[in-house]
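Starting from the given sequences, assemble the full structure and let the hints guide the process.
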Amino acid sequence: MTVPSAWYLILAAVLFTIGATGLLVRRNVLVMFMCIELMLNAVNLTFVTFARLLNDIGGQSDVFFVLVVAAAEVVVGLAIIVAMFRRRAAATADDIHTLRG
Amino acid sequence: MTSPIPILDIIVFLPAGGAVACLLLPRLARYLALVASVAELGFAFYMMVAFEPGQAGFQFVTRQSWIGNFGISWNLGVDGISLFLVAMTALLFPIAMFGPPIRGDQRSFMAWMLLLEAACMGTFLALDLFVFFVMFEITLVPGYFIIVGWGGARRSYAAMKFFIYTFAGSAFFFVAMLALVLLAAPFNGGHVTFDLITLARDAGHLSHTAQVLVFAGFAVAFAVKTPLVPFHSWLPDTYTEAPTSGSMVLAGILFKLGAYGFVRLCIFLLPRGAADLGPLLLTLAAVGIAYGALVTIMQKDLKRLVAYASIVDVAFIVLGFFAFSSQGVTGGVMEMVNHGLITGALFFLVGMVWERRGTLRFSELGGIQKSAPVLAAVFLAVILAAVGLPGLNGFVGEFLVLVGTFSTHAHWWAVVGATAVVTGAIYLFWAYQRVFQGPVRIAANTVRDITWRELGLLAPLLAGIVFLGVYPAPFLDRVTPSVAYLLHHVEAQAPNADVPRGSLDVKYAIPASQNVDLRASATSALARPGGGDKPEAAAGGGR
Amino acid sequence: MNATYAIVAFPLAGSILLLFGGRLIRQPFSGWLATFAAFASFGASVYVWASMLGRPASDRHADLGLFRWMPVADLHVNFGLYADQLSILWCLFSTGVGALITLYSIGYMKGDPGFSRFFFYLNLFLFSMVVLVLADNFLFTFLGWEGVGYCSYGLIGFWFDRDSAAVAAKKAFVTNRIGDFGFMIALFFMFEHFRSFNFSAVLFPLTAHHAVLAGTTATAIFLLLFLGAVGKSAQIPLYMWLPDAMEGPTPVSALIHAATMVTAGVYLVARAAPILHFSPDSQWIVASVGAGTAFLAATIACKQDDIKKVLAYSTISQIGYMMLAEGSGDYPAGIFHTVMHAFFKGLLFLAAGSVIHALHDEQDMKRMGGLFRYLRVTGVCFLFGFLALAAIPPFDGFWSKDQVLAAAWHKSPALWALGVAAAGLTAYYMSRQFMLVFTGQARWRDQAAEHGAAGHAAVGGSAAGHDALEPHEPPLTMLVPIVVLAFASLFGWLLNAPFGGLDFISRWLAPVFPATIAPAVHVATGTKWVIGAVAAGMAFLGLFFGLGAWRGGVVDRPALEPAFLEHGWYIDESIAVAVSGPLATAANAASFAVDAGWVDGLINGVARAAAQTGRQLRRLQTGYLRNYALGIGLGAAAILFYMTMRAGG
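Chains as they are written, first to last, in the numbering used here: chain V, 1 to 101; chain Z, 1 to 543; chain R, 1 to 649.
There's no promise every hint is true.
Simulated pairs of lysine-lysine, DSBU-like, Cα-Cα distance not exceeding 35 Å [claimed, not checked]:
no.: 1; chain 1: Z; residue 1: K300; chain 2: Z; residue 2: K370
no.: 2; chain 1: Z; residue 1: K370; chain 2: R; residue 2: K366
no.: 3; chain 1: R; residue 1: K303; chain 2: R; residue 2: K110
no.: 4; chain 1: Z; residue 1: K370; chain 2: R; residue 2: K110
no.: 5; chain 1: R; residue 1: K366; chain 2: R; residue 2: K528
no.: 6; chain 1: R; residue 1: K366; chain 2: R; residue 2: K303
Just so you know, these hints were derived from the structure itself, not from any lab.
As structure tokens, this is what we get:
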């Protein structure tokens, strides 16, 4: 039995919405970070689904790029977060608004 | 006509190389700058000697494809109009760099000045619109840093104003340039080119409206740079706040670029636009002369007064250009050189007063002639040139401009222009009186006289002032053919330009490759004297 | 004729040497150098004149080219000299009197720190003057014209550390420039009409009647030239600079007012006579301006206390006579008066300088008096000059003024009447001056005492102070020129006496002013006698009235000295109020309200608007990550929505 493609897409949309909502409403930087990962993987899922559906390898190869970029992002992002936590304990995203105009 | 060495490339790149060398070898910066600028003067002198009079076209042309896809090439050449501007630039820069004392970082100052010199030379020599634009814009960068780095109390305000104002003008230049190049491409077999001679040939095919609009775009940029009233308000701040050396080259050379753009681009490329909007520019120039004089009279600071007086002088240049007579345009070219020499010397002298007294306010000066008679005498001589005393260079240019304007039935503009004879005397002599004459009321006004070194550096400028006033014929013989050729072109393309018949009465030769009117309007240009290829003697002298 | 070059070359060489070597040459020698240059120039003039005499009258001119000046297309301006009877006559008296004044200055300027500078200016002045009269085209004339203007600036403001001198110098230059403005426009018209500035192209065809000039063109060109002449020759309405110019050293006053600068306007009108011929309106204007100036300046001179200012106003008045003669068409009479005026006015100024020198720079006549006893030679010479200026027969002024008045009568009796009235006033104010300076009590003594009484201890009221002030005759370098000019004032009229075939100047100038451009002025012999008698009568009347009114040491006569005359009819003040006031207001408004307020304000306003916009927009940058994320999300949604709709549509 094959699962219809629509289910994959619905799952991806749900995951993306969860991630996006989390990004907007949460203040914990680490959680926001995980939400971004969630959104990225939702997109990855969509890519894979369509690759399968359209029988086109391009979507799958795009996923590799996204994964690599995400990995790099995690390295930099986590480093920033660690550095931030060292400066001030339990910092939230709203505490860092030095870029305010 | 030709030279065994690529003289124009050397003239542009030598100062640029000097600038790099100054940065790399900071300890030797002053010596390197001295060598570079003096060598530059030597090359410019060589070019002036090798220049063949009686030729209207560009000489020593060098051409090298640069960005081939867009028809951009590194294309340089010199004609009678730019010849003396190049010479004047080469003369004024070493004096400005080594005359007034420079406080602060020598290395970067010298580097910026040399870069500025290279860019000015590039603008004067460019035969490619794109090269012209690039060089024209590059001048802003050293200009900005010289003001900001070595200027007076309000230097950052002045530098920012200068940069943004002239850069805003350049936006019009850029758009007009692209429009012209793209609109003219179909007439060049669909090939886009920035070559000035080709563009001048093709621009005549553009629709009338397009010509006028493109002209207006160029004109805005140059009106800001020149500057014409009412686009002048950056000028007094810039000249006043810049260091002495900076004022000398900014006033003496950098702002000739705008005036030069009028004649090299506006009139040469778009004669119809020039003929249509000429009366407007004549009016702005006449207003500039009257209004500038009025504003200058009331200034309370010597340097600011000299700055404002420049507005009047540059208005003369524009008045001459848009009179469309040989006398007027030649006078305008001469006024460019004159103003460089006179204002350069004047700012140098103002700097000397500043070095000695630390103030330039009239209320705190007075009676300096008592202790510094030679300084006063030199100052007076330069002022006399500025008010147009016959026998000094200012008169020749001013008179040619006015008589050229008058003879084109533009009587009233010339009459308004001639009021400068009176007003110029008022503000300059009043300034002289308040600075140098009267009793010494403030003890500090007993100052050291001019030194031999300062006098020696001023001497070339003074010699130029006297020589061009007494015997300008060699100068005029080299300028007039190019001007007459330009006016032939105007007459052929713009019937409403009203070029006086007699003022085209000049014999000259022009190579066929540079004769832009071969296709556009074969009849009128070739029927006139000088259409042929064979070189002829210099413009008819005697009576 | 090639010696004409030398006339120009000597003073030029002298001035260049003094400019560069002035500091190296020690004090009296720079003066002698300048004097040599001036006398050499005079010698060259005499030589050229003599060689002219050897030629037939029709061949007494030469065009001597120098080099090209401004060759642009059809504009050919060259430096070239043109020597003819008119220009050589002018050279003769300009360089002659100028050389005497230069010699005089050696004594007068002794000890001045700016000694060399003074002689540099004197030589340059002479150079400019001979260029002015010898040029072969109007533009070269203009060079000399402006040159004398500049030199007078340098000389009037010679004692630059006096504010009044600096201001007077500037005023002279600017006023002259107003005239030069007219001159320049005249040149533009000339170029438009003739395509040339050369006398040979502009004037000579008109003289020979090979060409005619439309009346309006002639009027336009001539009146604009005349504006220049009015400025240079200090006629109404541009005469105010000349009395102020007395701030300069006295030899300068003599040089400017007698020999050179102020006669330049007279020369220009004479030179432009062919143009004037075609404009009857202009002839009336020239004559009227001349007569009006002669009278107005004479009234003002009646109440001036400065010894030099009386002479300055009398100069203005006498130049009015010259203009009157030229406007009336009798050029030789005007030029005759110019030459005579050079003699006696040079004399008067030099003698006045001698008086000022003797009294240690005192110029107020009311503080002089009784000087005849101390300065006998100067006094006698001054007397000669005074009688010549007052037109008492048989001194110079009588003969020349008589010819001027005959011409004026021919033109219009009204102009003649003004001239006669001015002649009476001239005799009056000159006798007043003579009486105040040379007769009566020695008031300079009281003055010194008064100084002492007023507490000026430094000046001192002691007897020793008096002795130091004892006036004495000047040195020989100063006295010789005075005596020479005194003889010239006594016998100069023989150059153009109306009898005995002595009318040398008229005959000499006849080829320059042929009947084609200057129809002969015919006045019946009987009328001439009457005119002469009336002029002499008026002169004597003024003389005796003046001598009577100021005899016996009278110092103040309020009835004869109304305040409005002291202030020159308040004309200078009125002009100052009417012109300077509005000009200053306009300039102030332009520089501060318009330029700083509007023009610069507009630009700064644009900058401020940009800054304000930025200040508003920066509120969007909250710094909160979620806001940005929301923005990204909404933006993405909007784009998606738009694309969906487009795809659907």
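Status of each hint after checking the structure:
1. The hinted pair formed by Z:K300 and Z:K370 meets the criterion: a straight-line CA distance of about 22 Å does not exceed 35 Å.
2. With a C-alpha separation of about 33 Å, the suggested pairing of Z:K370 with R:K366 holds against the 35 Å cut-off.
3. Our distance criterion of 35 Å between C-alpha atoms is met by R:K303 and R:K110, whose separation comes to about 32 Å.
4. Between the alpha carbons of Z:K370 and R:K110 the distance comes to roughly 19 Å, so the proposed pair stays at or under 35 Å and holds.
5. Taken as a hint, the R:K366 and R:K528 pair is broken in the structure, with Cα atoms around 40 Å apart against an allowance of 35 Å.
6. For the hint linking R:K366 to R:K303, the alpha-carbon distance of about 11 Å falls within 35 Å, and the restraint holds.
Checked against the numbered hints given earlier, the structure breaks only hint 5 and satisfies all the rest.
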